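J.: In the order they appear, the protein sequences are chains A and B. Under the working numbering, the first residue of the first sequence carries the number 1, and numbering increases by one thereafter. Under the working numbering, the first residue of the second sequence carries the number 1001, and numbering increases by one thereafter.
Derived by calculation from the structure, the hints in this document are not laboratory data. Heads up, a few of these hints could be off.
Claimed, not checked - Which residues of chain B face chain A? A partial, calculated answer using Cβ under 10 Å: (1) K1031; (2) L1046; (3) L1081.
Claimed, not checked - SDA-like mimics (lysine to any residue), calculated; alpha carbons at most 25 Å apart, straight line: (4) K352/A - L1043/B; (5) K1031/B - H182/A; (6) K167/A - N1122/B; (7) K20/A - R72/A; (8) K189/A - K300/A; (9) K1022/B - I323/A; (10) K300/A - M170/A; (11) K1031/B - N319/A; (12) K70/A - P100/A; (13) K184/A - K1066/B; (14) K214/A - V195/A; (15) K397/A - P421/A; (16) K320/A - E1047/B; (17) K397/A - M376/A; (18) K167/A - E1047/B; (19) K467/A - N362/A; (20) K1031/B - I188/A; (21) K292/A - K189/A; (22) K213/A - A277/A; (23) K1022/B - M170/A.
Note that the coordinates shown come from a computational prediction; the quantities given were computed from them, not determined experimentally. All C-beta atoms, glycine included, are put in the ideal place defined by N, C-alpha and C.
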Amino acid sequence: MQPDMRRNILLELENIGCLKHLKLELKPGVNIIKAPNASGKTSLIRGLTSMFSGRIPPAHILALDAAYGKVRIQYDGRIYERHFRRTPTGQVGSYGDFLPFADHRAFDAAVALAETGIVHKVTGGGKIFREYLENLSYGSYYSAIISAAQELIDEISRELAGPSFEKFEMLPLLLTELTDLHIKRDQIKEEIESVKARHEDAVRALAEKMEQKKAEFSKEEMRLSELENSLTQEEERERQLLSFLEVADGSSKVAVQLKEGILNSKNQQQRFREEIARQNKLLQNLRQDIVKLENQLEQKKTKPVEGMESLEKSLNDVNKAIILKEEEIQHAERFPQNDPRYPGRLVIEVRKELLRKIEWLNKVTEHFQEKYMRRMTSARLRFNSNVARAFEELGLKRFENIFLDQDFVLHIVRENGVRQPVETLSASEKLTVSLILMLAAKETFLPDFPLFVIDELTLSYDPARFKQIVNYVAKRVPYVIVTCLASEMPSKPEVVYAV
Amino acid sequence: MSSWKRSFEATCRELEMARRKKQALDELLAKNRMSQPTYQHLLSSLEENIRHLEAHQRSLAQKMTKRVEELQRQIEIFRLLMANLEMRHVSREVMPETYEKNKRTLTLGLEATENELNQIRNALARVAP
Chain A
1 MQPDMRRNIL
11 LELENIGCLK
21 HLKLELKPGV
31 NIIKAPNASG
41 KTSLIRGLTS
51 MFSGRIPPAH
61 ILALDAAYGK
71 VRIQYDGRIY
81 ERHFRRTPTG
91 QVGSYGDFLP
101 FADHRAFDAA
111 VALAETGIVH
121 KVTGGGKIFR
131 EYLENLSYGS
141 YYSAIISAAQ
151 ELIDEISREL
161 AGPSFEKFEM
171 LPLLLTELTD
181 LHIKRDQIKE
191 EIESVKARHE
201 DAVRALAEKM
211 EQKKAEFSKE
221 EMRLSELENS
231 LTQEEERERQ
241 LLSFLEVADG
251 SSKVAVQLKE
261 GILNSKNQQQ
271 RFREEIARQN
281 KLLQNLRQDI
291 VKLENQLEQK
301 KTKPVEGMES
311 LEKSLNDVNK
321 AIILKEEEIQ
331 HAERFPQNDP
341 RYPGRLVIEV
351 RKELLRKIEW
361 LNKVTEHFQE
371 KYMRRMTSAR
381 LRFNSNVARA
391 FEELGLKRFE
401 NIFLDQDFVL
411 HIVRENGVRQ
421 PVETLSASEK
431 LTVSLILMLA
441 AKETFLPDFP
451 LFVIDELTLS
461 YDPARFKQIV
471 NYVAKRVPYV
481 IVTCLASEMP
491 SKPEVVYAV
Chain B
1001 MSSWKRSFEA
1011 TCRELEMARR
1021 KKQALDELLA
1031 KNRMSQPTYQ
1041 HLLSSLEENI
1051 RHLEAHQRSL
1061 AQKMTKRVEE
1071 LQRQIEIFRL
1081 LMANLEMRHV
1091 SREVMPETYE
1101 KNKRTLTLGL
1111 EATENELNQI
1121 RNALARVAP
């Protein structure tokens, strides 16, 4: 059957890697590009890759000594060109077309390079494939959104731990301190009232005592007056008795009785005088007591109350502390006026806004986390299924099962059920596993991508196994491009078409 | 009893403190030292705390009231036992040594129960005088 020439890919490279100029025609089926070492096989692959993926930096594609290079592809009746240009500063930029089936993921799922990607990972003993499947299934977009949301949450959380919020969080403690001050103030006030009451009681008691003394003094004064009257009366009696005696017969019984009466009167007078003297003494003492009490009362009334000064000072101090604490509370509830983000705003309001943002971001995270999990689980299961199918169809009996677990760790189970770590596989087994993983990835995520490139991986392969794998790939992909060392030494890469 | 009493007294103190805080908060608002939103924020947590303490206090008071009833029953039993002992002593049914020993024991028990009852009643009287 005549091949459809329109479907052939005409590839032309100019100043790409070590290739000055090269024209190749890639046909549907297996295209084996043979060339010796350092003759441009990898440059050719890089040039071709640049037409469907921007993963290789332009500076790695353009020839080192060239200011300009080009990749030109004729495909399906159309021409696609990509240009590489070196700027005077030495940087290389690229511009132009991509092939219509271009997809940046194809670099990971359809280009098997020994030094990069999944081949490099598996041969290096790598066994966790989360990131690989994330990129291919677009799960990385979800994880990027999740990590962006998480970063925002972290940033807001850091902001919420800032000094103004910290001060605001101290408000309950400040309120407790203020309440303690209020309690202290009330205690001092009570103590002041108590001291005042005690002082007034003391003044009252002193005044009452003085009144009692005065009453006693009046009473004793009356008694003195009575005594003086009694003495005067007794003196008068004595005078009367003496006048009677003068007229009486000196030897008569009457005279004797008068003399007795006079003697009695004298004695009585003497007693009165003594009593008056005592009474005077008593009154003098009472007078002194009254004067003393008057002085004491005066002193009590005029002198400051004992202990009151220090209590009033304490009350004053506590009142000042209350005012300071109130000011502290007032400052703690607002951002400073010179705050760059929320000048003078209430912390509670800003806090509410930020917490609402966190709540929303948490919902976003949850939503995308769910989507991410669903997508990644589905991607992993489809990937595992394609890997299993490839191993079954290739008849690789030495492996019972190869799969990624829910943590995206690669498990290799031997035919006897023994699990084998990736790093302990032989070189050719690692290569087989990596090629099959890549093919399964391509079938899972880029089923319509028409190219599959295997760059110089044949070194550690036996030809029969390699042919088996390449043929398996060719059944599923329209264009298979394989580079390998040439047995002769052609001057530049040449294509050998194979079935 | 002491742990009940401690717990009850601690709750009463905390409640008193929380009420004082609310008073201080009201003063701050009245003096214009605090904005309404901040006041509401602090008030809600304070009122929540007060509600919680009041509920705890009520629950403790209920338990203590039950304990009062229990202690009253215990006291009645002690008195009954004492009367019974006295009667047996009078009718010479018990040896004097046994009588003395039992009387001492019952008196100690009665005193301890009455003490506990008084302590609980005093504590309860502070909440609902």
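J.: None of the hints should be skipped; say for each whether it holds.
T.: Checked hints:
1. K1031: Because about 7 Å separates K1031/B from the closest Cβ in chain A, which is inside the 10 Å limit, the hint holds.
2. L1046: 8 Å, holds
3. L1081: 49 Å, violated
4. K352/A - L1043/B: 16 Å, holds
5. K1031/B - H182/A: Holds: K1031/B and H182/A sit about 15 Å apart, inside 25 Å.
6. K167/A - N1122/B: The given pair, whose Cα atoms are some 42 Å apart, is violated under the 25 Å limit.
7. K20/A - R72/A: It holds: about 13 Å lies between the C-alpha atoms, which stays within 25 Å.
8. K189/A - K300/A: 21 Å, holds
9. K1022/B - I323/A: 18 Å, holds
10. K300/A - M170/A: This hinted pair is violated, its Cα atoms lying about 49 Å apart.
11. K1031/B - N319/A: 15 Å, holds
12. K70/A - P100/A: Between K70/A and P100/A the Cα gap is close to 18 Å, so the pair holds against 25 Å.
13. K184/A - K1066/B: Outside the cut-off at roughly 37 Å; violated.
14. K214/A - V195/A: 28 Å, violated
15. K397/A - P421/A: It holds: about 18 Å lies between the C-alpha atoms, which stays within 25 Å.
16. K320/A - E1047/B: 28 Å, violated
17. K397/A - M376/A: Given pair K397/A, M376/A is violated - Cα atoms ~29 Å apart, limit 25 Å.
18. K167/A - E1047/B: Distance of about 22 Å is within 25 Å: holds.
19. K467/A - N362/A: 52 Å, violated
20. K1031/B - I188/A: 22 Å, holds
21. K292/A - K189/A: At roughly 33 Å apart (the allowed maximum being 25 Å), K189/A and K292/A break the hint.
22. K213/A - A277/A: Holds - the C-alpha atoms of A277/A and K213/A are around 20 Å apart, at most 25 Å.
23. K1022/B - M170/A: 16 Å, holds
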